[in-house]
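With the hints as extra help, turn the sequences into a complete structure.
Top line first, the protein sequences correspond to chains A and B. Using the working numbering, you'd call the opening residue of the first sequence number 1 and step up by one each time. Using the working numbering, you'd call the opening residue of the second sequence number 1001 and step up by one each time.
Among these hints, one or two may not hold up.
[As the list claims (entries may be wrong)] Label-pair distances were calculated between CB atoms; the ranges are:
| hint | chain 1 | residue 1 | chain 2 | residue 2 | range |
| --- | --- | --- | --- | --- | --- |
| 1 | B | D1218 | A | D155 | 37 to 47 Å |
| 2 | A | D169 | B | E1306 | 21 to 31 Å |
| 3 | B | L1097 | A | D155 | 29 to 39 Å |
Hints are computed from structural coordinates only; laboratory data are not their basis. Glycine included, every Cβ here is placed at the ideal spot set by N, Cα and C.
There are 2 protein chains.
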Amino acid sequence: MGKLLIVGTVAFDAIETPFGKTDKILGGAATYIGLSASQFGVDSGIVSVVGGDFPEEYLKMLNDRNIDTSGVEVVEDGKTFFWSGRYHNDLNTRDTLITDLNVLANFNPIVPAHYLDSEFLMLGNLHPSVQLSVINQISVRPKLVVLDTMNFWMDNTLDELLEVIKKIDVITINDEEARQLSGEYSLVRAAQKIHKMGPNYVVIKKGEHGALLFNNGDVFFAPALPLEEVFDPTGAGDTFAGGFIGYLASTHDISFENMKRAIIFGSNLASFSVEKFGTERMEDLSNLEVQNRLQEFKELTQFEIELT
Amino acid sequence: MGKLLIVGTVAFDAIETPFGKTDKILGGAATYIGLSASQFGVDSGIVSVVGGDFPEEYLKMLNDRNIDTSGVEVVEDGKTFFWSGRYHNDLNTRDTLITDLNVLANFNPIVPAHYLDSEFLMLGNLHPSVQLSVINQISVRPKLVVLDTMNFWMDNTLDELLEVIKKIDVITINDEEARQLSGEYSLVRAAQKIHKMGPNYVVIKKGEHGALLFNNGDVFFAPALPLEEVFDPTGAGDTFAGGFIGYLASTHDISFENMKRAIIFGSNLASFSVEKFGTERMEDLSNLEVQNRLQEFKELTQFEIELT
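As structure tokens, then:
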């Protein structure tokens, strides 16, 4: 079991979908990653920042799941990062209505002393300079560094992002972002180019169409579970990433074979996350439910054909 | 080994892709289906119609692959069905430039006597009244009837199409067509509604995103092989369907487990079809290549996780 350090946003979200809307609820990349990874009982800690308006009960909920929040700075006279978005009817696309950076605007991350030797580092979607600062604070090079990022940083801080990408082992981005970053339409070619930027492993997330894991010549594919209804896709990508690194940290095995399992668990957990608004489903998710859904993934994908 | 009857177009296509363009080359749903099914050495026959302009050598090429063309009517003073299309840069969308029905406009299909007892019937994309006529000519209800159709028939001849759908076992359509036919956005719900229209098996083709096989509560997913380059998608769906029914006919086993294998073989063969213009790649495809690619499909999708 390896210690897992997560850097990312802890935030308020307000979400509109065709099924309804929420007030400000708990959100943020690090929140989803932490909840997802907690399914594997890993020792994890979050580095983030919130304002004085952030409810103590949210931090307690995370602590109850063995997620250390001593690295979550509380700026008493500041306000928590707030994002608001509205999903279209297909739930595949959304408009951002509000992005209030608030305390995130001047965030200077500080890794707690007892996480300076983390073997697994998850860099959630955030300004690349914050991600870089965390990498530089870790005393011993972690066994595995996973980066999640998005097109916003490609548009606005590409040079800093490329600096981070040089230093990591795994990048998780969606298909359009992989195309943007590489300038290649074919995802196979996009992965080849991104490999050359640094990471040995490239995970391309395709939402309802599953996820691809590339490791130079090798490729593995995990489908998304076909669902009758997607209620709220917010945080699905972060939940996927959290399941991926949480499983790897809990098994302490970063072989390609084990990464296949990690991708399946990431898809498994993401399929729960979208069933309710925000983090609600992830907060009450049991291991038995995850195991049962694993069986569904096996039935969905496994076949037997003898080669002749 | 079951006898396979294929009804569908045999045609000329002129294709433009970002990689180049062709003059009139061999095309048509039945052509692609037949070539794909021929990989499994089944006894197959095509029911179709061509004009006097159709080269004898094309029929000979099919015959050389054990495809009986005695059911392909040649209208000496007529012209062969012609389709022309231009693919966009992403190769996922295309514009139809020309559709000349020609001899297809008055096609009255006649099933040759020695195929009246076919155990496997593939209804390729064509006017539903032609598909219905073939169903009605078959003396003994086949072991399996597979239908491929498209949105054009949903728009223009929905009542006749629904008559056909009532009588079949398997329908193969793409995701947008499944949504149109069912009025449901979720593919799981769409499959449920389409089940109620008749077919016990619903195959939803998602192009580069793979294919789903629904059988009431059960679902299986086959990915498309991630390719560096898709050269020409024309006929990929027909090739998929031909591989599916060809494998089932050759194994004479229509269990759900065997349909999983058939879906994998369909995806396997379709991944070759798109590598060159038209039918070129399918004409020279060897069994060894298919077997090697099957190994790639296994590596792409198979994983081992013990349930705890």
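The hints, checked one at a time:
Distance hint check: the CB atoms of B/D1218 and A/D155 are about 44 Å apart, consistent with the given range 37 to 47 Å. Judged by the Cβ atoms, the range 21 to 31 Å given for A/D169 and B/E1306 holds: they are separated by roughly 26 Å. With their beta carbons about 37 Å apart, B/L1097 and A/D155 fall inside the hinted range of 29 to 39 Å.
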